[in-house]
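Novice: Residue-level listing of the chains:
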Amino acid sequence: MKAFRELLWTQARVFLRDKIALFFTLFFPVVFILIFGFVWGGAEGPGMVTLGVFIVGEPDPVLDEVLSSQAGVSVQTYNDVARLEEDIARRKVGLGLVWDGRTLLFLQDPTRVQEGNALAQAARGIAAEIDLRRQGLTPVVAVERVNVGRALGGGWFSMVVPGIMAFSALFSGLLAVSGRITQMKERGLLDRLLVTPMSSTALLVSIATVRLVVGFISTSITLGLAAVLFRVEFDVNWGLYTVFVLAATLGSMGLGTVIALLVRRPGSASTVASIAAQIMLFLSGVYFPVEIMPAFLRALSAAFPLTYMVEGMRYVTGVADLSPTRFALITAGLLVVGFGLFPVLSRYVVSVGRR
Amino acid sequence: MKAVFRLARLSFVAALREKETLFWFVLFPLLLLSILTLVFGQLGQEGKMNFRVALADLDRGPSGRGQFAAVVEEVFLSLSVPPGPGKEPLFTVRQPAPGEDERQFILEQTEAVRLGRVAVLIVIPEGFSAAALAALSGSGPPALLGVYGSRGDAASGMAATIVDQVAARLNRELLTVAGLYRSEEATAVRTEWVGDTGAPVAYVDFLLPGMVLMGFFVAGLFSVSGTILFSRDMKILRRYWVTPLRVLQYFGGFSLGYLAMCVLQFALLVLVGRFGFGASVTFAQPLAVVYLVLGAVTFLALGFLVASLAKTAQSGMAIANLVNMPVMFLSGLFFPVASLPLFLRVIVLVSPLNYVAEGLRFSLGTGQLTVPLTLTLLVPLGWIGLSVLVVVRRLRWDVAR
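Keeping their order, the protein sequence lines are chains A and B. If you read the first sequence in our numbering, its first letter stands for residue 1, the second for the next number, and so on. If you read the second sequence in our numbering, its first letter stands for residue 1, the second for the next number, and so on.
Hints listed in this document are in silico derivations from the structure and should not be mistaken for laboratory results. The C-beta atom is built at its ideal place from N, Cα and C for all residues, glycine as well. One or more of the hints may lead you astray.
[To be verified] To give a feel for the contact side, a few chain A residues facing chain B, derived at Cβ under 7 Å:
no.: 1; residue: Arg90
no.: 2; residue: Leu104
no.: 3; residue: Ala128
no.: 4; residue: Val143
no.: 5; residue: Glu144
no.: 6; residue: Val146
no.: 7; residue: Trp156
no.: 8; residue: Leu194
no.: 9; residue: Thr196
Build the full structure now, drawing on both the sequences and the hints.
Specialist: Below, the structure written as structure tokens:
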């Protein structure tokens, strides 16, 4: 037991000395959260439209009424159209509206490529309502939105945070095998370690334990930062959260084992793992919903483990619902991959020689 | 000079042989361009998105289906037909099967929305047609269409917005048919584009210059500093110095190799952008070429700056990683950045990538200038000057003895 404790302590020190591993597992999610949180306004998310309004002549009660009833639109009034245009060009305002009593003139920055569609939609909605009201008509049909999801006040950003946490667990697990272990193998360290009385299982367990602790710390810091700095509301089920972070990290170590077995050169394993992780990051619904991707990318997304890890992480942090059966299946799947491939890892990857 | 070109060739070929370099500096920008264009380039376009929607019509009286309910149902079902060959329908609509209990169906689909399996559930409630008729005759409030969604789910929000738009269009059509809406009195609506561009910029045209600069930046930051530092740590550089090769010749050859890599990256990205995704942006303009060259040289200088500041290859890579992400994301390469807090604004204000990107996009007509044009040249030049100063004073070309 003492030997194992020493081994554990050594692995922890090795991890802390490895600046790249430290950066990607601990700082990467934090930097990400800070950037995305500040760029897209934290919990309010990118769905808010800032509308700059310039009225030529007298105020219009119909316009005021329509604008004040728009959900997701914050109105800013201007006394000068040049100033409004300047603020649109400087991206302080998303959409401009000039009203002279007869024509609704919307002003838009043509280079706001990602938000362009949402801004145009907002403009169409406002125009349609004003048009009816000015003819003294009321809508025949109105949409009543009912939220059946979680009652938390989260938006887009609250969905991104658990996504980043899932990615962090994936990366930590993948690199534990495809980075750390293959690196030890390439440098001949494994050869030396394995001729000592230490078993390969003990070595593996020590590496896995360090990664599990790091994964837990990293995801918890990310969660805390998002909650404190950006007021994102979470309803964390700490029991399930602990189990899921454990399962996700172990499952990712299993995937790392597959990569280490498939890639002939041990040194290339970390590269392949990084590449696979980056591709998954973009296609697993972390940043944008899978539904807006083309069909073939949606199919690819369904094949990626990160997609399911993101689902699970959103569930345990309380930002999205998931059926308990599906959650159990995802967690069990990850654990099976992790524990199932442990003997393979122990037998074929943590072995003497270059292969 | 011959030695310089030989070294340039060696540096270029070595980079191409190194699979990792090849992926991160050549293939990754191509991959990112493809993914982002496939996702965001088609956002809001007909036939490119698909949402799973459930629809329940409860408006059935003793005399059969309500007329207005039937119209609403028809409209939503029309969205489940692909708009053309090879295109996807906007909605995949699920309705109760004949004989299926509608209340049970609603319960099941509400649960499916909650669990994210269905984007929204649209419910046409009982008495909908009567309410719509009353609203049409001015004797009642609008008939309510229930849209059950999940607030935190982005796909659900998008689908609900589409339902809003459908309802707005439906209103106008119903009121027109009833002779109440007078199209000749419709409020005129116009959209004008602010700035010099004059027309909306296609996402791929916005993204392509950003991806080109990302390639240059990542290659400069990682490849330049990494090659120098690893060669130094592994004592490869030391072997050069026992030959007649001078440091300046090595520097020249290495830099030319990096620039050749940039040319390759640029050519591949433009080819894929143009022929794969229909980019129409033209780089063959004097000012654009100035920014491309300025960008490549600035990031080469930054690579040397990192190599000067790091003691070992590992710490060099850590510095590069630390700089890479904030600078890349905050410089507006992938999306326009606005309204940042002061401490992040500082990164944007000092980032040479931000200025080169603004200048390049402005020269190509795909972006607006938010800073004076002279600054887009002066700031990168300032970084080159600073890097040269630091490199001359600090860069060690051999391991410490």
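Novice: All the hints need checking, so say for each whether the structure fits it.
Specialist: Comparing the hints with the structure gives:
1. Arg90: Constraint on A:Arg90 satisfied, holds at 6 Å.
2. Leu104: 5 Å, holds
3. Ala128: 4 Å, holds
4. Val143: 5 Å, holds
5. Glu144: The hint holds - A:Glu144 has a Cβ within 7 Å of chain B, the shortest such distance being about 5 Å.
6. Val146: 5 Å, holds
7. Trp156: Result: holds, 6 Å to nearest chain B Cβ.
8. Leu194: Violated, about 25 Å.
9. Thr196: Given a least distance of 27 Å, the restraint on A:Thr196 is violated.
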